[in-house]
Every structure is written in C-alpha cells, then in structure tokens.
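Colleague: Based on the hints, put chain Z in the right spot on chain B.
Same order as they appear, the protein sequences are chains B and Z.
Each step along the first sequence adds one to the number in the working numbering, with nothing skipped, and position 235 is 235.
Count along the second sequence from 1, then add 1000; that gives the number in the working numbering.
Simulated from the structure, these hints should not be mistaken for laboratory data.
Take the hints with a grain of salt, since some may be wrong.
Claimed, not checked - With a Cα cut of at most 20 Å, we get these calculated DMTMM-like pairs of lysine to aspartate or glutamate:
| no. | chain 1 | residue 1 | chain 2 | residue 2 |
| --- | --- | --- | --- | --- |
| 1 | B | K104 | B | E126 |
| 2 | B | K66 | B | D88 |
| 3 | Z | K1104 | Z | D1204 |
| 4 | Z | K1066 | Z | D1088 |
| 5 | B | K51 | Z | D1088 |
| 6 | Z | K1051 | B | D267 |
Protein chains: 2
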Amino acid sequence: MAKPIGIFDSGLGGLTVARAIRGAFPAESLVYLGDTARVPYGTRSAGTVVKYAIGCAERLLSFDIKLLVVACNTASGVALGELQARLDIPVVGVIQPGARAGVKATRSGRIGILATAGTVASGAYERAIHSVNDAMSVFARPAPLFVPLAEEGWVTGDVPRLAAQRYLQPLADVDVDTIVLGCTHYPLLSETIHEVAAELLGHDVAIVDSAEATATTLTEMLDTSSNVSAQPGSLQILVTDLPAQFGSAASRFLGKPLQGLDIRAIDL
Amino acid sequence: MAKPIGIFDSGLGGLTVARAIRGAFPAESLVYLGDTARVPYGTRSAGTVVKYAIGCAERLLSFDIKLLVVACNTASGVALGELQARLDIPVVGVIQPGARAGVKATRSGRIGILATAGTVASGAYERAIHSVNDAMSVFARPAPLFVPLAEEGWVTGDVPRLAAQRYLQPLADVDVDTIVLGCTHYPLLSETIHEVAAELLGHDVAIVDSAEATATTLTEMLDTSSNVSAQPGSLQILVTDLPAQFGSAASRFLGKPLQGLDIRAIDL
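Excised from the complex, chain B in its bound form:
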C-alpha cells in the first residue's frame, strides 16, 4: 500500500492546504493532524511552537508517512529547520512555496504579506522571499481579525470589508502589486481581500494563496505518473481536541461536508 502524506497544523485552518493537495493529487492518501487542543500557535513563543511541532511530527511518523507538510505558518517559520534535521523524510513548509509564488507573481518587486502577528514578528516571509530574490521589497502586516472572520464564516460583507480596508491601507500606501496570504485561514477571505486591495490601489493585485503554492511545490516530490488511473486516496483527520463547532469550521476549510471521513480525537 502506498504511504500517506502527513500534514499538521495548529488547528483546522491547515485543511485549506489538505484541500489544495487533494485537488492536485487526488490519488494520494493524507493523514491530517490538527492540534486543536493547543491552537493557536501564532501567539506562543518560538520555543513552545518548536516543542509542539516535534510532538505533531512524531505522531504522524507513526502512520509511516513518506512526506511531511507543515501546514501552519507559525510552525513553518520557527520549526522547519529543526524538523528537517530530525526527520528522515522530506519536510515541506508553507512559507517557502508562498514566498516563491509571490516573487513569481510580482511585476514591481513590491510584495505585501498578510499573516498573524507571530508570523509577521518572526520575519520568516521576508527571509524566504529574499532567499529567492534579495532585490524584492517586502511589507508584512498582521491581520489577526481575519482568523475569527474565517471561522465565523463572515467572509464577505461589511465587517470583513472594513477590516480588510484597515489591514490593507498600509500595503496600499507602499504600493504593492502582490499580496501573499501568509495564514491558512486567510484564503477563505481572498475574494474580499482581492476586491478591497484593488479599490485601495486603483489597479489589480495578485493574491497568492500559500495553500495552492504548497500543493504546487509537491509536484517536484511526488511520482504523479503512477497516480493517473489509481483510485482516490483516503483522508484521515486527527485532532487533539474536538470542540463543539468542529464540524462547521472543518467543512468550511476543507470545502466539503465531513460525512464519510475518518475523524479521531487523539492525545499528544
């Protein structure tokens, strides 16, 4: 039996990454671990996040995964090197793919980043973008309200528009032409972000979805030739806590109902 791909995130937002990977590689089996008992990682110290990330990775290794995707921007920013050093399988984060896609999309060389306060403070996107092209100008801004807006399902309408205007104005002031969504929750708001950014800037803006960019990166690592005629892969979801609103939030991020999925609560 083919080995699965392991994916972890601090919570359920990383299901947007699982969704993108399933869309690109339907024959691959996925094991997703959402550390819902300790979400969010974005407000925690680097040392705590590294400790949590190692715990998640170790649990996923017990499923004999062939590849690990760190679908959490915070963990990708502070724990990727440590995980790559410890594990014998490839470990892919969401920041490097998002950074590469941002560099590819920009014409002016002025790239905006929207992310959690923790990711912004880490400087991870600046470093990743400059490692691809050090001539880029990078402007990272926190947009913390986008997380509960995505979880509430308030993704269009006046509240998300006003929040987006407030968060995007500083990026419009420095005239970016590309915005990388550096948090797994934000793609749910990409339509509103796209519209508001175009209004504020007076021209179209490329919106880069890190989840899609990460799925594209995997093309280089997976043997897609054998996948063509294969049957659809399985999706198993592990969570460290099962909160009351799990179902609606999870299916929102995954983009489909949860019926028939294998969902289990585990202890870490």
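Modeller: Just chain Z now, with coordinates in the frame of chain B:
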C-alpha cells in the same frame, strides 16, 4: 503576612477581573496566573478545560492563597464544582456573580448574555440565572469577534460597531433590557455594546460587567475592616507563555502600564 488571593484565566482577559478586585480591595495582594500557552479555553472540550483548571489551581495553591477566583467564564462554567470539591479554600467563579447582577438589574425579566461559543453552548449562564430566579427569560448569543477586537484595541469605531450590530440584533429582536458580558474580554467593548444596544432597542439597556460583579461578591468573603489603613497589596503575574504582544494586551486589560510589576513565565 496576609495571604494573597489567587486568580486564574486561560489568558490575559482575566486581568479585567484582577483590575476590578484591585479597585475594590486595594490592600489585598493578588497572584494572577494566565495560561497563555493554552489559551483559549473556549474552543476546548469540557474534559480538557477541567484538566487545565486543576493544573492552574494547584499551581496557585503553592502561593498559599486564601481564596481562588476563576476569572475565566469557560472554566467557571465547566470546572467550578470540581475545584470547589477539591480545594479547602473558597472558590469563586465569574458566572454566578454576573448572573446575580443581571437578575438585579433587569426590570422586564428578559436578560441577554454575550459570551464565547463554548460558554453559550454550556448553558452555564441560563442555569446560574435560573438558580437565582427561575422566572427569568435568558437569551445567550456567542460574540466571538469581540475577543480579537479587544486584543487589537479596536474597541470603538466602525468595525466593532458593525460586529456589535450583528451580534446584538438577535437580542434586540427578543427585547432584552439587560445584557450580561459573559467573557472577560468584552468589558473593553462595553461602551460600543451599550450604544449599539440602545440604538437597536430604542431604549437604554443595562450592561452588566462580570468582572465588577465578581469583585463585589468578594466583599462578603474578605475582612475589609483591616484593610483601611493598610498599604497597597502586591500584584504578581504568572504566564505559561510570554507571547510577543504580551505587554500591550496585558496593560490594556489591566488598565495601566506594566512597569514595576512582577511578571514571570512558568511551566505547568
């Protein structure tokens, strides 16, 4: 030396309770424990919250506290009975005081509750209000966006007003005359909540702040006579993680700068 009062919360929001207690009893010394490594409790299962609450309480007992205040609505809702059964000192939650104050404030007997999704789902405020007066009609609604709005400091202006309109409309539809703020973060938004509620209802609405109500409850338990001429009590803050934005958020909830305070990161 007089024994201190212990206070714990899932994070920093409970500092609004510490602030109210300091205001009412300036001579009392306080030890505040914010479980910032595991915040928020509101999205976790009851079993997990009970486990965390016992851990917090045990740590505070090592400071020889004379009284424990559970300054977290989620923990008050699901763990208070367990803590009271285990501990030899009085344990006070924030729900019963808020419920009593709500019953006292209402004229019409129609009380609205704004709280986190977890607190609403627990039904804790309904039970607490009905234990005081079972003729009351209680309408509880989640208002999850208020937490990041308070943390961001977006407490007045268009975004909080629009969010408040959305959250308060269902309470206006059932014509409440009193609203209990059932989350430690929400008092920072009380001005906006008060204004929007009055606009939607067309009459004034009593806004009950659980933090103030909890401080009032302590009057019955503390020997205030000895306090009159005493020197100001100390405030010690323990956190299980020290996030980057700790300072600004903590001083916002505490209502004063943190200079000179004893702040320590601990492991639980």
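Colleague: Each hint should be assessed against the structure and marked as holding or not.
Modeller: Hints and how they fare:
| no. | hint | result |
| --- | --- | --- |
| 1 | K104/B x E126/B | holds, 15 Å |
| 2 | K66/B x D88/B | holds, 9 Å |
| 3 | K1104/Z x D1204/Z | holds, 16 Å |
| 4 | K1066/Z x D1088/Z | holds, 9 Å |
| 5 | K51/B x D1088/Z | violated, 35 Å |
| 6 | K1051/Z x D267/B | holds, 13 Å |
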